[in-house]
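Asks: Sequence:
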Amino acid sequence: MTTSPWPLLPSVLALLGMAVVMVVVGIRLTRIADTLSERTGLGDAVGGALLLGALTSLPGNVTVLTGALEGDPGFALANPIGGIALQTVWLAIADLVYRRANLEHAAASWRTSCSR
Numbered sequence: 001m002t003t004s005p006w007p008l009l010p011s012v013l014a015l016l017g018m019a020v021v022m023v024v025v026g027i028r029l030t031r032i033a034d035t036l037s038e039r040t041g042l043g044d045a046v047g048g049a050l051l052l053g054a055l056t057s058l059p060g061n062v063t064v065l066t067g068a069l070e071g072d073p074g075f076a077l078a079n080p081i082g083g084i085a086l087q088t089v090w091l092a093i094a095d096l097v098y099r100r101a102n103l104e105h106a107a108a109s110w111r112t113s114c115s116r
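Using the UniProt record's numbering, the letters of the sequence shown map in sequence onto residues 1 to 116.
Don't take every hint at face value.
To be verified - Here are the in silico distance ranges between beta carbons for each label pair: (1) Leu36 to Pro7: 35 to 45 Å; (2) Val12 to Thr40: 38 to 48 Å; (3) Leu15 to Ile93: 16 to 26 Å; (4) Gly71 to Asp44: 35 to 45 Å; (5) Gly83 to Leu16: 13 to 23 Å; (6) Leu15 to Gly41: 36 to 46 Å.
Please keep in mind that the hints were generated in silico from the structure rather than gathered at the bench.
Don't be surprised by glycine CBs; every beta carbon is placed ideally from N, CA and C.
With the hints as constraints, model all of the structure from the sequences given.
Replies: Put into structure tokens, the structure is as follows:
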């Protein structure tokens, strides 16, 4: 099921188009998660973890499934391990940049100040 790669221009256009879609849909999903967390009383962290976490993991799941179906277990395994490593790096960078408080406290403080 291996196909020839796309030329560069359609690949770049598809990447830019999907980036725009992700921003628009991400903003909408964030609002939905916020509304659901307020209505259910579960809190922002739980709402974000359940809804946004599940939805943002879909591309990784598709990549793993594709690698497994193509018979490339190394690719299928490297994707989640690389994703976890990259998330850890970004959290470490964010923690180094924002030293005034832990990130959970900072997010809650920012949300409170924005809603006023």
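Asks: Does each hint fit the structure? Answer for all of them.
Replies: Okay, the hints, checked on the actual structure:
Evaluation of the 35 to 45 Å hint for Leu36 and Pro7 yields a pass: the beta carbon distance comes to about 42 Å. The beta-carbon spacing between Val12 and Thr40, approximately 41 Å, falls within the hinted interval of 38 to 48 Å. Roughly 23 Å separates the CB atoms of Leu15 and Ile93, a value that falls within the hinted 16 to 26 Å. Here the CB-CB span from Gly71 to Asp44 is close to 42 Å, well matched to the stated 35 to 45 Å.
The beta-carbon spacing between Gly83 and Leu16, approximately 22 Å, falls within the hinted interval of 13 to 23 Å. The beta-carbon spacing between Leu15 and Gly41, approximately 39 Å, falls within the hinted interval of 36 to 46 Å.
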